[in-house]
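The listed protein sequences correspond, in order, to chains U and H.
Note that numbering that gives the first Met the number 0 gives residue 49 to position 50 of the first sequence, counting from 1, and the numbers run on in steps of one.
Note that numbering that gives the first Met the number 0 gives residue 37 to position 38 of the second sequence, counting from 1, and the numbers run on in steps of one.
To be clear, the hints were calculated from the coordinates, so they are not data collected in a lab.
Yeah, the Cβ is synthetic: ideal placement off N, Cα and C, and Gly gets one too.
Any given hint could be a false lead.
Below are the SDA-like pairs computed for lysine to any residue, each with C-alpha atoms no more than 25 Å apart in a straight line [unchecked claim]: (1) U:K63 <-> H:E23; (2) U:K73 <-> H:N14; (3) U:K73 <-> U:N7; (4) U:K80 <-> H:A48.
Under 7 Å between C-beta atoms, here's a sample of chain U residues computed to sit facing chain H [as the list claims (entries may be wrong)]: (5) E75; (6) I77; (7) D81; (8) E82; (9) R83.
Computed Cβ-Cβ distance ranges for the label pairs, DEER-style [as the list claims (entries may be wrong)]: (10) H:I55 <-> U:L19: 47 to 57 Å; (11) H:L42 <-> U:S141: 19 to 29 Å; (12) U:P118 <-> H:N38: 40 to 50 Å; (13) U:K65 <-> H:S40: 29 to 39 Å; (14) U:I102 <-> H:K10: 35 to 45 Å; (15) H:A48 <-> U:L19: 41 to 51 Å; (16) U:R89 <-> H:A48: 19 to 29 Å; (17) H:N38 <-> U:A96: 20 to 30 Å; (18) U:L19 <-> H:K52: 17 to 27 Å; (19) H:L11 <-> U:A74: 21 to 31 Å.
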Amino acid sequence: MLCKSYQNKNFYIGLIIIGLLSITFGAVFQQYIPENAHNLSMTAGMLSGIGAAFIAVGVIRLIKFKRSSPEKLKAEEIELKDERNIQILRATYSVVAAASILIFAILAFVFLVLDYIVPAWITIGCIYVEVIIFFIAYKIISLKM
Amino acid sequence: MQNRLEEIRNKLGINQEELAKELEVSRQTISSLENGRYNPSILLAFKIARYFKMSIEQIFIYEEE
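Just chain U, same shape as in the assembly:
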């Protein structure tokens, strides 16, 4: 899915629109935040930052589409659709997923030691969510194959 999107101009136009919405929402949200609410201020800043990043990625890719020769775009498409590259990507995702569960487990332990009960529960919750996603994804993918 990501590979298909990567070569689709509409995907990047959508990304720019989401970015613009995110920046606008962040800026408007910032106006209504009380001065002492630093956490909300940071959230608004994050939204603006993510929006700016989306716009940057979208604009850069669209410029690349315009400037690159068809041969170069074709070569890029081949690289993306290459079955070995896809397998490498999937194997890498698996490693990252396993590592993230381990990181969450370590984080939960660290939070407990530091007596940060709420973050510890959130982290443990994340592990459960990840395990649930695993089973749902397994079920869906096995139905498709």
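Keeping the supplied structure of chain U fixed, place chain H upon it in accordance with the hints.
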């Protein structure tokens, strides 16, 4: 699984880059196939066989362990 890809390619005087372009895969995939580090999907095996006008068995050698 072993294969005769490099041997057949050399016989026809095609380099890895050209073969990769024809099969619409990366050059690294051809290199990995030739080194035996990577086994192709059945689709790619068919593509390779059709390109060389051979059967899959003539290119890929399956050895039962």
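Do the hints match the structure? See the list:
Of the pairs offered as hints, the one joining U:K63 and H:E23 holds, with about 21 Å between alpha carbons and a cut-off of 25 Å not exceeded. Proposed proximity of U:K73 and H:N14 is supported: the alpha carbons are some 19 Å apart, at most 25 Å. At roughly 13 Å between alpha-carbon atoms, U:K73 and U:N7 fall within 25 Å of each other, so this suggested pair holds. Of the supplied pair hints, the one linking U:K80 and H:A48 holds, its CA atoms being roughly 20 Å apart against a limit of 25 Å.
The beta carbon of U:E75 comes no nearer than 11 Å to any beta carbon in chain H, farther than 7 Å, and the hint placing it at the interface is violated. With 7 Å as the threshold, the beta carbon of U:I77 comes within range of chain H, its nearest partner Cβ sitting at about 5 Å, so the hint holds. Restraint check, U:D81 versus chain H: the minimum CB separation of about 4 Å is within 7 Å; hint holds. Interface hint at U:E82: satisfied, since its Cβ lies 5 Å from the closest Cβ of chain H, which is below the 7 Å cut-off.
Proximity of U:R83 to chain H holds as hinted, the smallest CB-CB distance being about 4 Å (cut-off 7 Å). Evaluation of the 47 to 57 Å hint for H:I55 and U:L19 yields a pass: the beta carbon distance comes to about 51 Å. About 21 Å separates the C-beta atoms of H:L42 and U:S141, a value consistent with the hinted range of 19 to 29 Å. Remark: the range hint 40 to 50 Å for U:P118 to H:N38 is upheld by a beta-carbon distance near 45 Å.
Range check, U:K65 to H:S40: about 34 Å between beta-carbon atoms, so the 29 to 39 Å window is met. A hinted range of 35 to 45 Å for the beta carbons of U:I102 and H:K10 is inconsistent with their spacing of about 51 Å. Separated by about 50 Å at the C-beta atoms, H:A48 and U:L19 satisfy the suggested range of 41 to 51 Å. At about 25 Å, the beta-carbon gap between U:R89 and H:A48 stays in the expected band of 19 to 29 Å.
Checked against the given bound of 20 to 30 Å, the beta carbons of H:N38 and U:A96, roughly 24 Å apart, stay inside it. Separated by about 54 Å at the C-beta atoms, U:L19 and H:K52 break the suggested range of 17 to 27 Å. The hinted window of 21 to 31 Å between H:L11 and U:A74 holds, with their beta carbons roughly 22 Å apart.
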